[in-house]
Every structure is written in structure tokens, then in C-alpha cells.
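Protein chains in written order, with the working numbering: chain G, 1 to 249; chain Z, 1 to 249.
Only true hints are included.
As the list makes no split between identical chains, a pair holds if one copy fits it or if it spans any two.
Below 25 angstroms or equal to it, Euclidean Cα-Cα: the simulated SDA-like pairs (lysine to any residue) are:
1) K118 / R88
2) K84 / S197
3) K118 / W91
4) K84 / V27
5) K84 / S133
6) K118 / I108
7) K84 / L28
8) K115 / R205
9) K115 / E199
10) K118 / D87
11) K84 / L125
12) K115 / Q132
Worth flagging that the hints you see were computed from the coordinates, not collected in a lab. The structure presented is a predicted model; accordingly, all values stated were derived computationally and were not measured.
There are 2 protein chains.
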Amino acid sequence: MELFFADDIRDARVRLDPEESAHCVRVLRHRAGDEISVIDGRGTLYRCALELADAKGAEARILERTPGFGSHPYHLTMAVCPTKNIDRYEWFVEKATEIGVDTIAPVIGERSERKVLKTERLRRLALSATKQSLKAAIPQIAEPVSVRDFILSAPDDALGLICYCFDDMERVPVTAALQAGAGRPVMVLIGPEGDFSPEEAALARERGWIPVSLGPSRLRTETAALTAATAVYLYFLSSSAAARRLPSP
Amino acid sequence: MELFFADDIRDARVRLDPEESAHCVRVLRHRAGDEISVIDGRGTLYRCALELADAKGAEARILERTPGFGSHPYHLTMAVCPTKNIDRYEWFVEKATEIGVDTIAPVIGERSERKVLKTERLRRLALSATKQSLKAAIPQIAEPVSVRDFILSAPDDALGLICYCFDDMERVPVTAALQAGAGRPVMVLIGPEGDFSPEEAALARERGWIPVSLGPSRLRTETAALTAATAVYLYFLSSSAAARRLPSP
Numbered sequence: 001m002e003l004f005f006a007d008d009i010r011d012a013r014v015r016l017d018p019e020e021s022a023h024c025v026r027v028l029r030h031r032a033g034d035e036i037s038v039i040d041g042r043g044t045l046y047r048c049a050l051e052l053a054d055a056k057g058a059e060a061r062i063l064e065r066t067p068g069f070g071s072h073p074y075h076l077t078m079a080v081c082p083t084k085n086i087d088r089y090e091w092f093v094e095k096a097t098e099i100g101v102d103t104i105a106p107v108i109g110e111r112s113e114r115k116v117l118k119t120e121r122l123r124r125l126a127l128s129a130t131k132q133s134l135k136a137a138i139p140q141i142a143e144p145v146s147v148r149d150f151i152l153s154a155p156d157d158a159l160g161l162i163c164y165c166f167d168d169m170e171r172v173p174v175t176a177a178l179q180a181g182a183g184r185p186v187m188v189l190i191g192p193e194g195d196f197s198p199e200e201a202a203l204a205r206e207r208g209w210i211p212v213s214l215g216p217s218r219l220r221t222e223t224a225a226l227t228a229a230t231a232v233y234l235y236f237l238s239s240s241a242a243a244r245r246l247p248s249p
Numbered sequence: 001m002e003l004f005f006a007d008d009i010r011d012a013r014v015r016l017d018p019e020e021s022a023h024c025v026r027v028l029r030h031r032a033g034d035e036i037s038v039i040d041g042r043g044t045l046y047r048c049a050l051e052l053a054d055a056k057g058a059e060a061r062i063l064e065r066t067p068g069f070g071s072h073p074y075h076l077t078m079a080v081c082p083t084k085n086i087d088r089y090e091w092f093v094e095k096a097t098e099i100g101v102d103t104i105a106p107v108i109g110e111r112s113e114r115k116v117l118k119t120e121r122l123r124r125l126a127l128s129a130t131k132q133s134l135k136a137a138i139p140q141i142a143e144p145v146s147v148r149d150f151i152l153s154a155p156d157d158a159l160g161l162i163c164y165c166f167d168d169m170e171r172v173p174v175t176a177a178l179q180a181g182a183g184r185p186v187m188v189l190i191g192p193e194g195d196f197s198p199e200e201a202a203l204a205r206e207r208g209w210i211p212v213s214l215g216p217s218r219l220r221t222e223t224a225a226l227t228a229a230t231a232v233y234l235y236f237l238s239s240s241a242a243a244r245r246l247p248s249p
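The shape of chain G in the complex, shown without the other chains:
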């Protein structure tokens, strides 16, 4: 199934922008009367009949709506410091989108070597990965803020998990922390190559963030971030499937 994205959806009609129109009509050669599948980027899939096969501005009539298409049973914000090598961050955005994430928030730590990040390209990557993985909601890519501001602005009801490397305190295995979080929106904070500063880590703990362990392996920033996102995905997968567990031999 090929998905198109449109943000102009009114009066039971979908209007594709020039880029999507060209892809639909010129590249895929769709003609008036063809059925196409369109997502609104906010979670709904629309089955449509193409009516105006215009490569500059295609229009289609909505036949059927599917809310929550390709959604996941959790709410996850990944706040991840940009990597020195931006390819690694872009890779994380693609993979986290495939797995299932609601918001990716680039955060700048006191020890971040990369202090600036262009989000436009990340948004394009998130859109393309959303279509490729058959989801209707595109992850939000937030504008970069400092780690400190991110922690201070986090909602009180969220389960905040912070992954960092200081060996000076007890960390909770990520799966155990999720069990304790019972249905709250999850926020995961991943530091830069140089780790969080002690002040950033102390602020997070003051504000109730739980220091979590991703296990003994020494993971790169982007690998730690994807491992944490996968832990959330798998946790809700296995808990929702608990009833179908195999008996132990």
C-alpha cells in the first residue's frame, strides 16, 4: 500500500500538495477514478477516489475514514541530544518512527558538541518513515531546547526516564521503570556523547525523573535512544499480549 500525505482535508475532499500530486499522478501514474490512500499526519487514514488527476494539485473524494491507523498503545516522547555525526541522529528519527514514537525532541546538553540542529530535514525523514511503515500519525519533531528547559517544562503526569552514565547511583532497569509507570505518558531523556552534566542529572532527579539502565552494553547515543524506544514498544507489546503467553516447558 502506498500512502500519500495531505494536510488540506475539507468537505469530504482531500487536496494533495504539488510534491505529493506529482508523485501520485506523474510517478505512479494514477488516473481519475483510482483509489488512493491518504494520511492526515494526525492519525487518520482516508481511502479516497482520485477525481482531479492534476500533477500540480490532485484532488480526491473521501470514501472511508480509519482513525488511529497504525497507532501504538502508549505515548512516548524521546528527548535526545543531537549526535556529532548528524547521520546517526537522522537514522534514529527513521527507526524510532518505524517502531512508534509520538514526539522527538532534540535537546542540547551543557556538554553537547553539536549545539544547533536543522529540524526541517528531520521532519521530511519522519514523514517518509511514517508512510513507509504504514502509520497515519507523523511524529512531532520539536525545535531544539536546552536539557534544562526541557526538564523544567515536562508535564507532571509524565513518567520521566533519564539514561546517563554516571556510576555514582543506583539505576532501575528500563523495563522495571515502565512497570512502575503504569499507563502514564513516557518521556525518555538521552544525553550527548559527553553525557549530561552533574547539574543536569541532579535537576532531573529533583524533578522526579528516574535514572534508568539500558543494560551492561556501552551504547552510542543513537543506539541507546533506539533501545529505549524499543523497550517501551516491546513492553506494551508483551503486556498487551500477556494473555497469549506460552506455557513454560
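Chain G is fixed; fit chain Z onto it per the hints.
Same frame as chain G, but now just chain Z:
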């Protein structure tokens, strides 16, 4: 900590090959008397004193051995069909090495678009990711075989898990399958973009492979492979840490 790799370790002495010697002596400017850390690629870390600082053939004396350095509490073979875009497969090799995998076996399915794969570059990537993630055992990169031959040659005591997309049968959530596997070596089989052929899937099931689900998300081949490897890693992390679980609020 910077790790060097050597396969010439005899009589309490370590001899670095020309490439590692140049990196140690020319790039990092180590001198005789410096302490260096060397891995044998089979699981042991050696703390050494550099004695011969020769950029073509450095030699060091072993001061201390640490077997099982950076090891993981499971045995995992990932049998993954090569992706059309080889970068994606190389990415998987790097990430799976960081997480912790014992063998990566490229397997060629009847529907694989890529039928050949050069393993030399994958071995270099695995070595570099092993050093970067502070492990002493380098994952084995097997030579490619057909999916059919891989299934027929799998050891009987292994827990075989096969991930594929046919909707015509019940699949077990991967975490539940691991619980049923209780301590057996784990083998995970991941198909190509075009999925396994029905014959390959049927053969696997005849031989006792368990069809597993990686959840509702539609994942690319390399993402599915890393998600499965991460599921194994996290399963053993959380089971080994079960005693440290947080109480639910």
C-alpha cells in the same frame, strides 16, 4: 578506554598487526612503557605494557587478563537476509554488535533480491563496533547460505524464532517465545523485503521454529532484525534484574 585487537597472543606477549600497530604508535603516539588494552576477539581483555613501540609491529607484555569482558548473558545468532541497500545491513551489523550478538548469519531467501554479499567489510564493521562498545568478543560473521540450508543445519537445542509477515497463522509475541525458551541458545531468522517463500516458512515450522510477532509496526528488514536482537537483550536484562523491580505505585 581505547581497545586494540590482536590475534597473535602467546607466551604472555601480545603482537599487534601492522594496522593496529600504526594506530597505536603513530596515531595515538603510545610509547614503550604505556599501558594499553587489547582484546583477542574471543572474549578476553588483556591489560598490557607496551614494550616494542614499532608502528609496523608493536609488542606488549600481558599484565592482567579479564575473561568474559563485555559479555552478555545469552547466546544469540541473528540469521538475516541481506537488504537491497547494503548500507542498511551494515547498519544492522554495527547496532547488533553494540547491543550484543554472537553470530550474524547472512541468509539468502528464495525471494531475496540480493543474492550475494561480501562479508569482509561486515567483519571490519563488527570489529570496530566491538572495540567502540567495549567488548572483547567479536561477533562471528558467517558466510552466506540459503535460508533452507540454514534451517536444516540449525542445532536441535536452539530456540528458533522466525519473523515473517504471512497473516495466515498465529504468531507468538517475541517476549513470550523467549520466556518459553528458558536458557537455550536463541536463533532468530529474519526474511528479505519480499518475505520468506511459503516453502521456507513451512520448512522452518516443520523443524520446530516458532513464528514470532515483533508487534503491530511494519518494520523494515534491518529494523525488524535489530528489534528482535534488542528484545533478546532486554529480556535477559529484565529477567536478571527482576529482583530489583520497583514496587508499583
